[in-house]
Amino acid sequence: MDNILPLLHGFSVVLTSYNVALMFLGILLGIVVGVLPGLGGPNGVAILLPLTFTMEPTSAIVMLSCIYWGALFGGAITSILFNIPGEPSSVATTFDGYPLAQQGRAGEALTASFSGSFLGALVGVLLITFLAPLVAKFALRFGPPEFFAVYLLTFCSFIGMGQESPMKSIVSMMLGFALAVIGMDTMSGQMRLTFGWTGLMQGVDFLIAVIGLFGIGEILVTIEEGLAFKGKSANLNPKVVFQTWARLPKYWATLIRSSLIGCWMGVTPGGATAASFMGYGIAQKFSSRRDRFGTGEIEGVVAPETAAHASGTSALLPMLALGIPGSATAAVLLGGLMIWGLEPGPLLFVEHKDFVWGLIASMYLGNIVGLIIVLSTVPLFAAILRVPFPIIAPIIIILCAIGAYSVHNSVMDVWFMLGFGAVGYLFKKLGFPLAPLVLALVLGDKAEDAFRQTMLASKGDLSIFWSNGLVGTITVLAIVLLFWPAIVSLCRRMRSPKLGQAVP
Amino acid sequence: MGVLYRTVDFLVAVLIFFVGLAVMIESYDLGIGWIKDSPGSGYFPFRIGAIISLASIGIAVQALLNNASEARTLFVEWSRFKLVLAVFIPTAAYILGIVFLGIYVSSAVFIAGFMRLAGKFKWLMSIAVSGGTVAILFWLFEFEFLVPLPKGPLEALFGY
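Going down the list, the sequences are from chains Z and F.
Under my numbering, the first residue of the first sequence is numbered 1, with each subsequent residue one higher.
Under my numbering, the first residue of the second sequence is numbered 1, with each subsequent residue one higher.
These are computed hints drawn from the structure, not numbers from a lab.
Treat the hints with care, since some could be wrong.
[Said to hold, decoys possible] Simulated pairs of lysine-lysine, DSSO-like, Cα-Cα distance not exceeding 27 Å:
#: 1; chain 1: Z; residue 1: 446; chain 2: Z; residue 2: 353
#: 2; chain 1: Z; residue 1: 459; chain 2: Z; residue 2: 446
#: 3; chain 1: Z; residue 1: 446; chain 2: Z; residue 2: 137
#: 4; chain 1: Z; residue 1: 239; chain 2: Z; residue 2: 250
#: 5; chain 1: F; residue 1: 82; chain 2: F; residue 2: 36
#: 6; chain 1: F; residue 1: 36; chain 2: Z; residue 2: 459
#: 7; chain 1: F; residue 1: 82; chain 2: Z; residue 2: 428
#: 8; chain 1: F; residue 1: 82; chain 2: Z; residue 2: 429
#: 9; chain 1: Z; residue 1: 446; chain 2: F; residue 2: 36
#: 10; chain 1: Z; residue 1: 353; chain 2: Z; residue 2: 137
#: 11; chain 1: Z; residue 1: 429; chain 2: Z; residue 2: 459
#: 12; chain 1: F; residue 1: 120; chain 2: F; residue 2: 82
[Stated by the list, open to error] Quick list of the computed label-pair ranges, beta carbon to beta carbon:
#: 13; chain 1: Z; residue 1: 21; chain 2: F; residue 2: 25; range: 50 to 58 Å
#: 14; chain 1: Z; residue 1: 53; chain 2: F; residue 2: 157; range: 27 to 35 Å
#: 15; chain 1: Z; residue 1: 196; chain 2: F; residue 2: 14; range: 21 to 29 Å
#: 16; chain 1: F; residue 1: 15; chain 2: Z; residue 2: 225; range: 17 to 25 Å
Ideal placement from N, C-alpha and C gives every residue a C-beta, glycine not left out.
Only chain Z is shown next, with the shape it has when bound in the complex (with noise of 0.2 Å):
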């Protein structure tokens, strides 16, 4: 248990007022950012990345870390109270959420929720605080070959495990290389992909990009939609909270089950929806009421909130531990810490002690923040989304438009901002992943600096990547994530031929 220390001394870093305070202040924003349709963990975060480069690296992560624990919360609000979901990662909460609210039972739905939220965090901060500094240990023999092979895995896994066209997820996934190929090559100090003109000079900052797509496209596709906000209302009082948290032990096994899965999806990036989607899955299989599902079962919603934020926590594990992150949000926190000027990666353990145990605490924190907050906030952020959208479209807009601005401060960047905005509008339509491309921007150039370094070690033979039992797994288990689809449907055809012939 030699974790326990550095977790103490975790929470002495972040035990000042001053970071309190953050932590309130990024929970209180995340669940704005959470209930807001067209802001989201990814761009709620990266809108506010600007305005935290003069901070501490350690205050600035725990105030954005609690925006995304806020988000997550935050996405349930809508999905319950007004049948929308403010997150992705919230949809599967609509199908028993809202048949409850609809029964005036909103409050024990969203208290289910929110503890549900609250144990499935808990079990993925708990994941990270014995298993990351491990992994992190383990990963210090990595070198060239063996960090390339695991970014190989990340990009594998995100187009074999992923839920759209594996075609849409590659495209995607190159489009955001290409992205982050654009300005200086490190290497060569040549110009590429700039077709001559100077404004790409600098290349295009990831933080651009996931404001456009995941903001400015979000709000295109939701005046699409047409929403209209007619919601239930929360009669969320103290009685409520104490009954429902009395009946939740009788869904101990759903807890486990929808926290397992969530901490696997997170750790392997499968993401939070994924894993939503997954738990309600499974919680319907082998519950006994499964018929009463999608008409209003608490079972229905701690299920697949709980392996929301399991995974959505647990994302955190590979980021810290090997510098490689599980999902959009964490994306942009991993670029937030080279901003920062910390190296992503298993040397955070032992060169960033505070701040990778501020960070950890923080999570345990932040979580219990988060809960009372929801618990006792939600009719305020309810009236929120009683606001008209006319008034509050040109506000998202103009805080996206802040955002893009102060990030180098260019207009050009705005201009960036707004046509990534008409990408991600056809992309969310056309059924585009969005998170592989933001991945592939932040991770691009360090994935060919890995390449290109074991390339000049081993004097450019491939089998390099073959040369030891340790990347030479690694490599193999991405090159089976990347065919998983194929795989698996091969075995089920072997496995029953009649089967495979029916279907072509």
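Since the structure of chain Z is provided, determine the placement of chain F on it from the hints.
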């Protein structure tokens, strides 16, 4: 009137194909092979462009063969797309406004105009909300966060 989902899917794939092609052409001169023992500057970009183009051909073919009922519905109703344009075009005008008027004045006009035209609010209400919001933004960014945002002639008049 309007275009089918399938058609847009196809057209976007064609567009992406040309993006891939452009990436390949642009990186060709950088050296797409190996220079001594390491890939040249154009090695990765060229292959990225190639994969983009190849995958987009795949998407285009899939789009053409896609006969599912969703693929044959409209990509977007014209009446709904008008709403999208009603947000997109004013946003472009707003960014143009940032260049000439500064971000605060442009934001105030943007909110008030949007409320008046899209939300049918009364002028007084529109001006009050936009003025209040911009005042809060000004206070936050100029005094609290100390992030200098672009300013125009009006702010110059007051000495900012």
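Now the hints, each set against the structure:
Between residue 446(Z) and residue 353(Z), the direct Cα distance comes to roughly 23 Å. Compliance with the 27 Å bound is thereby established for this hinted pair. At roughly 20 Å between alpha-carbon atoms, residue 459(Z) and residue 446(Z) fall within 27 Å of each other, so this suggested pair holds. Between residue 446(Z) and residue 137(Z) the alpha-carbon distance is near 20 Å, which keeps this suggested pair within the 27 Å criterion. A hinted pair counts as satisfied when its Cα atoms are at most 27 Å apart, and residue 239(Z) with residue 250(Z) qualifies at roughly 18 Å.
A hinted pair counts as satisfied when its Cα atoms are at most 27 Å apart, and residue 82(F) with residue 36(F) does not qualify at roughly 56 Å. Between residue 36(F) and residue 459(Z) the alpha-carbon distance is near 8 Å, which keeps this suggested pair within the 27 Å criterion. For a cut-off of 27 Å, the pair hint linking residue 82(F) to residue 428(Z) stands: about 18 Å separates their Cα positions. At roughly 16 Å between alpha-carbon atoms, residue 82(F) and residue 429(Z) fall within 27 Å of each other, so this suggested pair holds.
The hinted pair formed by residue 446(Z) and residue 36(F) meets the criterion: a straight-line CA distance of about 21 Å does not exceed 27 Å. Note on residue 353(Z) and residue 137(Z): the hinted pairing holds, with a Cα-Cα distance of about 13 Å set against a maximum of 27 Å. Between residue 429(Z) and residue 459(Z), the direct Cα distance comes to roughly 45 Å. Violation of the 27 Å bound is thereby established for this hinted pair. With a C-alpha separation of about 17 Å, the suggested pair residue 120(F) and residue 82(F) falls inside the 27 Å cut-off, and the hint holds.
The beta-carbon spacing between residue 21(Z) and residue 25(F), approximately 53 Å, falls within the hinted interval of 50 to 58 Å. Separated by about 30 Å at the C-beta atoms, residue 53(Z) and residue 157(F) satisfy the suggested range of 27 to 35 Å. In this structure the hint that residue 196(Z) and residue 14(F) lie 21 to 29 Å apart at CB holds, the actual value being about 24 Å. Our hint of 17 to 25 Å for residue 15(F) and residue 225(Z) holds, since their Cβ atoms are close to 24 Å apart.
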